Amino acid sequence: MTTTAPAEAAVYKSPSGAAKRTPRHPGRIRRIGLPYLLLLPALLLELLVHLVPMVIGIVMSFKELTQFYIRDWGTAPWAGISNYKVSVDFDAPVGEALLHSFLVTVAFTLVSVGLCWLIGTAAAIFMQGTFRGRGLLRALFLVPYALPVYAAVITWVFMFQHDNGLVNHVLHDQLHLTDKPSFWLIGDNSFVALLTVSVWKGWPFAFLIVMAGLQNIPGELYEAAALDGAGMWQQLRRITLPSLRPVNQVLVLVLFLWTFNDFNTPYVLFGKSAPEAADLISVHIYQASFVTWNFGTGSAMSVLLLLFLLVVTGVYLLLTSRGRKTADV
Amino acid sequence: MHRIRAAAAGAVTVSLLTAVTACGGGSSTGGGGSNDSPKTLTYWASNQGASIEVDKKVLQPELDKFEKQTGIKVKLEVVPWSDLLNRILTATTSGQGPDVLNIGNTWSASLQATGALLPWDADNFAKIGGKDRFVDSALGSTGAPGKDPAAVPLYSMAYALYYNKKMFADAGISQPPTTWDELVADGKKLSKGGKWGLGAEGANPSENIHHAFVFAKQHGADFFTADGKPDFTGDGVVAAVKQYVDLMATDKIIAPGNAEYAQNQSVSDFAKGTNAMLLWQSASANLASQGMSADAYGIAPVPVQSGAPGTGKQVDSMVAGINLAVFKNTHNLDGAMKFVKFMTSDAEQKTLNTEYSSIPPVKTAQADSVFNTPANAVLKDTLAKSAAALPQVADESQFETAVGTAIKDLFADAAAGRAVTTDSVKAALEKAQQQMPAK
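Just so you know, the sequences run in chain order A and B. Mapped onto UniProt numbering, the consecutive letters of the first sequence carry residue numbers 1 to 329. Mapped onto UniProt numbering, the consecutive letters of the second sequence carry residue numbers 1 to 439.
Certain hints may be false.
Lysine to any residue pairs mimicking SDA-like chemistry, simulated, CA-CA at most 20 Å apart [said to hold, decoys possible]: (1) B:Lys431 with A:Asp91; (2) B:Lys431 with A:Glu96; (3) B:Lys65 with B:Lys75; (4) A:Lys272 with B:Val79; (5) A:Lys272 with B:Gln433; (6) A:Lys180 with B:Arg418; (7) B:Lys56 with B:Ala347; (8) B:Lys57 with B:Gln433.
None of these hints come from the bench; they were simulated from the model. For clarity, every value in this text was computed on a predicted model and none was experimentally measured.
Please model the entire structure based on the sequences and the hints provided.
Below, the structure written as structure tokens:
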């Protein structure tokens with residue numbers, strides 16, 4: 001009964017008297033009900049903004065939805081699983097192109113996330129020490145993260161131009177690193193261009209998160225380690241990185257999902273038809289849906305992508321949580 | 001630990017859901033037009049002038065005139081080309097669109113297939129003065145053959161060869177080329193010292209399609225069979241695409257840098273005197289806005305393989321232009337009709353086509369002396385005698401993307417110094433054909 005006592009006291013203070021008529025366990029109802037009541041608006045919004053369109057997207061993936069039916073897509077004929085069949089038939093052009101785009105995206109994501117993490121972590125550790133101008137430098141580091149994506153990427157487009165771009169000017173004209181000016185926005189180099197912009201845009205987030213994580217590591221650990229004769233490298237390996245582990249788990253996962261689904265960067269860099277070497281899956285699906293007007297196939301591709309990301313994420317969370325349990329012991 | 005797992009799960013859910021919701025969409029209410037709001041109209045104009053601001057300046061006084069005449073207020077929105085098709089698709093899906101809108105005339109059949117545009121049957125044409133008022137070639141780009149047009153022609157344009165008079169004189173060339181052999185020979189004389197013979201928009205799929213289409217016609221080939229099936233790999237089509245890309249790859253009269261052009265940079269290059277020639281549709285207004293005076297350049301018909309431009313194998317331009325369509329879901333059907341009648345009236349046709357350096361698709365307006373300048377004479381002549389409409393098939397939009405992108409990739413090969421062979425062209429076109437929706 002002790003648990004209900006404070007609540008009852010609160011009820012009898014109510015001037016309206018209404019509480020007296022409430023059923024047997026008013027406190028419990030309030031305590032159990034209130035959080036759900038508070039969650040309700042968020043749940044409703046989530047339902048409207050995410051779940052309903054998602055279900056519609058899944059329904060669309062089973063329809064033969066082309067320009068002939070988009071005006072009233074409910075009337076589009078059912079396609080069974082043919083949209084999925086087309087998407088995963090890797091010997092046929094549509095499936096082959098999807099597979100290619102998927103592999104490009106995996107390679108791009110792994111390298112981009114790796115570099116973002118590495119640069120972000122290195123910068124955060126470097127910024128731990130106190131020195132003049134640290135605040136200014138920290139603010140500067142965050143600029144790419146704070147800039148509007150479109151403005152930032154379009155600036156990169158100018159810099160990557162073959163004839164008048166800054167990149168070729170520096171690499172070719174000033175440093176003489178290349179025989180002739182390179183193409184960055186078409187052909188194979190487009191992968192490098194995409195990666196450069198993605199890492200430039202993504203590492204400040206890693207920096208921010210790791211920096212926050214570093215604040216939570218008690219200074220005594222380092223002091224004790226230093227007394228024991230541990231050098232910088234050993235402190236990093238045995239204190240900093242293990243302590244950052246939980247932060248890194250979330251950071252890497254979020255970066256992975258963001259990078260894998262990134263649409264803005266490739267779209268602004270290359271437009272609707274990306275070069276083959278930089279054909280990321282998000283733009284590829286956009287093209288299937290909105291450029292070739294095959295919304296059914298586009299939806300099927302989206303659902304397949306969702307399943308893939310769910311599996312990867314599930315396995316990742318499983319692996320990292322298992323690792324954590326052993327670490328806790 | 002708990003909190004981190006929850007945060008991770010939350011982040012995952014949100015990120016994953018956005019992946020699928022990107023493809024969600026609504027259902028439309030269907031139905032036809034009404035006259036629920038007779039006092040207002042919404043008009044989506046395509047970006048015709050040098051900028052959206054220029055368009056507003058050109059169009060607003062005309063819309064004010066219309067309001068004075070009819071009491072109907074027109075809400076104008078100028079939509080950039082890059083957004084227009086998606087905006088129309090969105091409006092089609094939601095049923096919430098403008099009352100009247102501009103469409104690129106090559107999209108007519110594709111948009112007709114969505115059923116979102118009001119068909120122009122005899123009754124509707126009668127309300128704007130009859131079908132006979134329009135030039136035939138322009139009517140050829142208003143929808144699939146055998147169906148009521150999905151739109152009416154508003155501005156007509158055609159490709160022409162723009163050449164820099166001074167650069168030609170300096171190179172000792174007295175006449176603009178009339179055949180491709182001559183163009184290549186002239187181009188080689190002009191391509192030196194950082195200057196180039198010809199400009200191109202290698203990374204712009206639509207621009208690539210326009211040229212490939214004309215070359216294909218000149219090779220006696222078509223991208224679609226008579227019953228509307230894609231046919232991208234015939235010898236004539238392959239030879240046509242190769243001939244176009246070869247202007248950069250083997251003839252070397254187009255700068256490799258043009259392979260990544262998609263924002264009309266080749267027009268700027270021409271205005272600056274970097275390129276001596278430009279194949280463009282109605283470039284005068286654009287060149288003027290970039291400071292090139294009208295007497296600095298000459299205008300000639302686009303070259304053919306041999307002989308003079310005409311029909312059949314002597315086609316030297318697509319029928320380019322803008323059409324005006326009425327959205328089927330309009331809430332002001334009568335007003336929309338009045339507006340189309342106003343915009344296609346002789347007076348407005350003269351004003352607007354002069355501003356945009358295009359040619360009126362309305363016969364009586366076209367006959368006006370304003371359109372008898374040398375530049376307009378070439379365009380008018382081309383439209384009347386040697387221009388052909390792009391394939392009016394429902395898959396036209398997909399064709400532009402698939403083949404236009406294939407040519408973009410071929411240009412990228414040429415720019416990088418990789419060989420562009422008949423086989424590589426054929427392979428690229430075959431891939432493009434396989435990407436077309438199955439029938």
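Do the hints match the structure? See the list:
Distance check on the hinted pair: B:Lys431 and A:Asp91 sit about 12 Å apart at the alpha-carbon level, within 20 Å; holds. About 11 Å separates the Cα atoms of B:Lys431 and A:Glu96, which keeps this hinted pair within 20 Å; it holds. With a CA separation close to 13 Å, the supplied pair B:Lys65 and B:Lys75 stays within the 20 Å bound. With a C-alpha separation of about 17 Å, the suggested pair A:Lys272 and B:Val79 falls inside the 20 Å cut-off, and the hint holds.
At most 20 Å may separate the alpha-carbon atoms for a hinted pair to count; A:Lys272 and B:Gln433 meet this at roughly 18 Å. The suggested pairing of A:Lys180 with B:Arg418 holds, with an alpha-carbon distance near 15 Å, which does not exceed 20 Å. For the given pair, B:Lys56 sits about 19 Å from B:Ala347 by alpha-carbon distance, which is consistent with the 20 Å threshold. The hinted pair formed by B:Lys57 and B:Gln433 fails the criterion: a straight-line CA distance of about 43 Å is larger than 20 Å.
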